[in-house]
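Since chain P is already given, all that's left is putting chain F on it; use the hints.
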Amino acid sequence: MKLTCLSEGGGFYSPPCHILQWCGFTLLFECPVDLSALAVFSPIPTTGSSSSDNNSLIRAVPWYKTVASLHLWDPSSIDVVLISSPWALLGLPFLTRKPGFSSSTKIYATEATVRFGHLMMKELTFMHMEYVRYYGPDKKLGLPDWMNWTNLERLQMELKSIVLGEKQEELSGWVPIYSAGDIKDCIDKIQPLKLGEEVCFNGTLVIRALSSGLDIGSCNWSIKSPKGSLVYLSSSVFGSAHAMEFDYPLLSGHDIIIFSDFSSLDSMDYDEEDTNKCALSGESEDCSMDELSGNDELEAENEKMHFICSCIVDSVKKGGSALIPSGRFGVVLPLLEHICNLFDSLNMKVPIFIISETAQETLALTNSIPEWLCKQRQKKLFSGEALFQHMELIKEGIISVHPFLCSSDLLEIWKEPCIVISPHWSLRLGSAVQLLHRWHADPRSLLILEEGVHDELALMPFKPLKMKVLQCSFLSGIQMKKVNPLFQTLRSKIVLVPQSLRSQFTRRESELYKIYYYTKNEIARIPSLKEGFEAYLATDLVFQLQPTKLPEKNIAVARLKGKLLLRKGIYYLTLPNKQLNMSVKPSVHWGTVEPTCLLRALNEKEIDGSILHNENYDFCVCVKKPAEALIEVKGNKIMISCEDKTVSALINEALNSVCNRI
Amino acid sequence: MAIQCLILGAGQEVGKSCVVAMIGGKKIMFDCGMHMGFSDHRAFPDFSLLSSNDISCVVITHFHLDHIGALPYFTEVCGYNGPIYMTYPTKALAPLMLEDYRKILVDRRGLEEQYTYENIIHCMNKVIPIDIKQTIQVDKDLQIRAYYAGHVLGAAMIYAQVGEEKMLYTGDYNMTPDRHLGAAQIDRLSLDLLITESTYATTVRDSKYSREREFLKAVHTCVAAGGKVLIPTFALGRAQELCILLDDYWERMNINVPIYFSAGLTIQANMYYKMLIGWTSQKIKDSYTVRNPFDFKHVCPFERSMINLPGPCVLFATPGMISGGFSLEVFKQWAPSDKNLIAIPGYCVAGTIGHKLMSGKPTRIDLDKDTLIDVRCQIHQLTFSPHTDSKGIMDLVEFLSPKHVILVHGEKPKMAALKQRIESELGIQCEYPANNETVLVPTTQSLKISASKTFVRNCTTELDGDERIAEGILVMEKGHNAKIVSEEEFLETIGAERNVVSFTGWMSPLAQ
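Protein sequence lines, in the order shown, are assigned to chains P and F.
The first sequence maps to residues 1 to 662 in the UniProt record's numbering.
The second sequence maps to residues 1 to 512 in the UniProt record's numbering.
One thing to keep in mind: the hints can contain errors.
The list that follows gives simulated cross-link-like pairs (lysine-lysine, DSBU-like), each with its CA atoms no further than 35 Å apart [unchecked claim]:
hint	chain 1	residue 1	chain 2	residue 2
1	F	LYS126	P	LYS304
2	F	LYS391	F	LYS369
3	P	LYS375	P	LYS395
4	F	LYS448	P	LYS549
5	F	LYS453	P	LYS634
6	P	LYS493	P	LYS415
7	P	LYS466	P	LYS530
8	F	LYS283	P	LYS395
9	F	LYS126	P	LYS563
10	P	LYS514	P	LYS549
11	P	LYS380	F	LYS217
12	F	LYS283	F	LYS217
13	P	LYS553	F	LYS412
14	P	LYS2	P	LYS224
15	P	LYS553	F	LYS448
16	P	LYS184	P	LYS139
17	P	LYS563	F	LYS478
18	P	LYS106	P	LYS122
Simulated from the structure, these hints should not be mistaken for lab results.
This one's a predicted model, so the numbers in the text were calculated from it and none came from an experiment.
Just chain P, with the same shape it has in the complex (with noise of 0.2 Å):
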């Protein structure tokens, strides 16, 4: 088995990436886009500002940064795409549009990935076609001018090392924005799964997407192949107030675990007292079950929400407008519920609008798919109660949806101070850019940003700053402290581990499980676990079987033929369909041969015999009758000479007759 690391990724928004060649396969997992990078564009300015133009951004459309060490493999080489998130899904149209992309590619993600990767796809293109409004399309092929190297060069050093990377070996990761057909084609070419549904690629392996609690639609991987079986962990959250539950008892038993959570690297202010807490409790069992519950995951995320809360209706109080510019299920959801409840028991009345192409859309899907909702969510199902209070809050007008900032009904509503939740985190794309022209002056304004933003840069042309910023990390991926006992929980005997979480895994190497570092763009090599496969002999083929016994050795052996057949990575072996020849073969044989014993044997035959001595051989035994005929026997090596055919065929049987064989 080979890890190929090709991308670590960056937070929440940009999952890793990696290539892993087993059985024969070549299984690439995540095809993101790193948002982020969008940073070193500069946002539209709004008419009439001039707080844009002074910053060193590239004026230009966006082009879009894929991972780019996955152009370094052909396309067509690539059997299985596998796709945990909807933001893991978001690069997949421009790997799909290359010409090289084999439709015999399996591409899977689970429904609810692709239901919500296609419309943030959408979403993308539109917003995109802001800078295309205002800049005019591309008018020639190519590589834009900011790609040229003059141009490059002249980036100062942070914006330098977003586009060409820390080794300078990027560039090649950008690629222009992918069309609506593009993406037509790509989610065609999904082939959508519900958690827990068995897939089976090529008979050879069975792959399952399970919970991985971080999002709606967010999975774990389980692959079994005659091989083995492995675990694909992707950033996974153990309370979650909306996705469903992590799903630990599929995922526990599996042969390798390939941990592929580098949110802890976005999350390095971990207080060292936590870590050694973990190291110890991780010891005994009940213990470390207790550990991964996730209550206390879900009641931070509840303190954090509250808090933000609290400073949202502070801003509002002084007459100022929150923006909250955010894509995460787990962040606009439950916060639309929190502050609409804290709005109601203050008796304030202050108006909520979602500004978002797609939001609609969004927002009507995320309240009919409760088979991916949390066990909270579908008790409401179950009381007959919506999933989310946002279609009734819509309903009651106190949240309004509008496509764009500029549309003619919410110009008519729109009242300040006001709280807006905005698609776009990367604060260059979609309505937040417009917003933030209009209120970043404004010191009684509120803006929430999610931690792990470039959050500098991303402000950079919105300077000078005068409103609030609100930075909150969300909950993202997996303690360090509860990685331990997770893997005592999974009980793997194999965990792949990325070199640069290295430091904060806790010294001491488990007995339970071997562990194996992986570094971006080396390929880690993995010695296979199995000697052999599991395999079910048909009982018809087992009546067929006329086994010999060893003795000597406590066995019985017999020679077996039939249909091989491999299912869901089991091997079957069959009766055929048509009657084999079964002596095809010739017999194999063993064993000293007895002189006297080939003789007793070939006089049966009437053929007669006399044993001769030579320094050369073991022992010779020369034939006279009915044809001359020489038997040399050295060790396990036989010549039979003989000019008659059959006389030398009838040796042959005598010898089969005294030798061990099947």
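Frame of chain P, contents of chain F only:
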């Protein structure tokens, strides 16, 4: 080895579906229904034939009472405590059906209740919801999986597997898509046993579009002449399908006659349908981006006081089959007028008024000693039923080609005819046991062995055809799994070397 099937209900009849199958040592109860035609002990399967603690799990295929009606009794009164599985829609909608029926029995007919409202709630809380195609590991050995059955929202066929023994219980299914549901979908499974419904064992139905047109025409003619249309249905399923049909027709024809739903129940049911839209047909799912098709434009709730208001209307009233309750109340008032129309959708159990109306054209119905109802209204039968017809059953059996078929949920003479067809046309053994009978179905068993890598690598593909043929040596040792290896590996295991025999035609000089 064998699968042992105890038919507790729906054996040679329609009603109280319940089959207990023992597969690989695990006992699974498929459905736990009640018989709507009885109100005594015959209404429930005879659970005394079971020890409830032997059952590994109960799986319910859909929310119809003849498939789930006895579940609260089995869990709360008989004390079954193990896992219960059903799809998300079934778990959401079943309590409505159960409580609705319990109320009719107790409050209206004054019968003794078999279980209470609390029993229903307590029972339903224990249910584990499952999704279509999700493979569920019930325990270490037993796997179950639901397949889309199309019959009603959330209806599923249930596949069960222990080791290499595999079976499928269809529940009720429909092989053709209807207004709001897709057709049944199944993988090509290699099954030892298929248990299938056979409601329409001998009927072949034509396209339903002509029948939909007839229905719309009958309704339209009636309301245009100022008549009232009563459609007795159960709250869920048929009501929503017909509503989509009517709502759409009203829109196209610009009709303003009100469409009513009786009681809050169906309105509430529509709320569930909106959340569960992912379980409807692809066509509906695709049309749903912003407006939910279960947000009916022309539909409003009905009050009892409106029964005798003048003017035309269409009313969906529960329960179906006019077996009592509100639909009976309205029927009493509306049946005597020849301007009115009663449209009866679907199957009616013997003994109900619906059944009487469908079999012949009665002019009066004796409800009880004191109540006679004059029936002068028109009767329209909607024969489109969400069950598969005989062609659908044969197609499914042929597609799956199981080793054995058991027919349930049908009428005895028709089942006999279908059994004949399955055995003669498809060459598959078929049975249709009566209630409380046990059938043993033999299964093929395979021996678990291990195969060496060289053995697998050495296999050859036969020239004619794509069969891969492998040859090797099976080594059997007491206390170990048998292992199949190549010749070389075999010699290596026993520590011997192969004797190499060579032949030459010329005499060696030594002999001369």
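Checked hints:
no.: 1; hint: LYS126(F) to LYS304(P); verdict: holds, 33 Å
no.: 2; hint: LYS391(F) to LYS369(F); verdict: violated, 44 Å
no.: 3; hint: LYS375(P) to LYS395(P); verdict: holds, 25 Å
no.: 4; hint: LYS448(F) to LYS549(P); verdict: holds, 21 Å
no.: 5; hint: LYS453(F) to LYS634(P); verdict: holds, 32 Å
no.: 6; hint: LYS493(P) to LYS415(P); verdict: violated, 60 Å
no.: 7; hint: LYS466(P) to LYS530(P); verdict: violated, 63 Å
no.: 8; hint: LYS283(F) to LYS395(P); verdict: holds, 26 Å
no.: 9; hint: LYS126(F) to LYS563(P); verdict: violated, 46 Å
no.: 10; hint: LYS514(P) to LYS549(P); verdict: violated, 41 Å
no.: 11; hint: LYS380(P) to LYS217(F); verdict: violated, 40 Å
no.: 12; hint: LYS283(F) to LYS217(F); verdict: holds, 24 Å
no.: 13; hint: LYS553(P) to LYS412(F); verdict: violated, 61 Å
no.: 14; hint: LYS2(P) to LYS224(P); verdict: holds, 16 Å
no.: 15; hint: LYS553(P) to LYS448(F); verdict: holds, 22 Å
no.: 16; hint: LYS184(P) to LYS139(P); verdict: holds, 25 Å
no.: 17; hint: LYS563(P) to LYS478(F); verdict: holds, 26 Å
no.: 18; hint: LYS106(P) to LYS122(P); verdict: holds, 23 Å
Against the hints set out earlier in the document, violations occur for numbers 2, 6, 7, 9, 10, 11 and 13.
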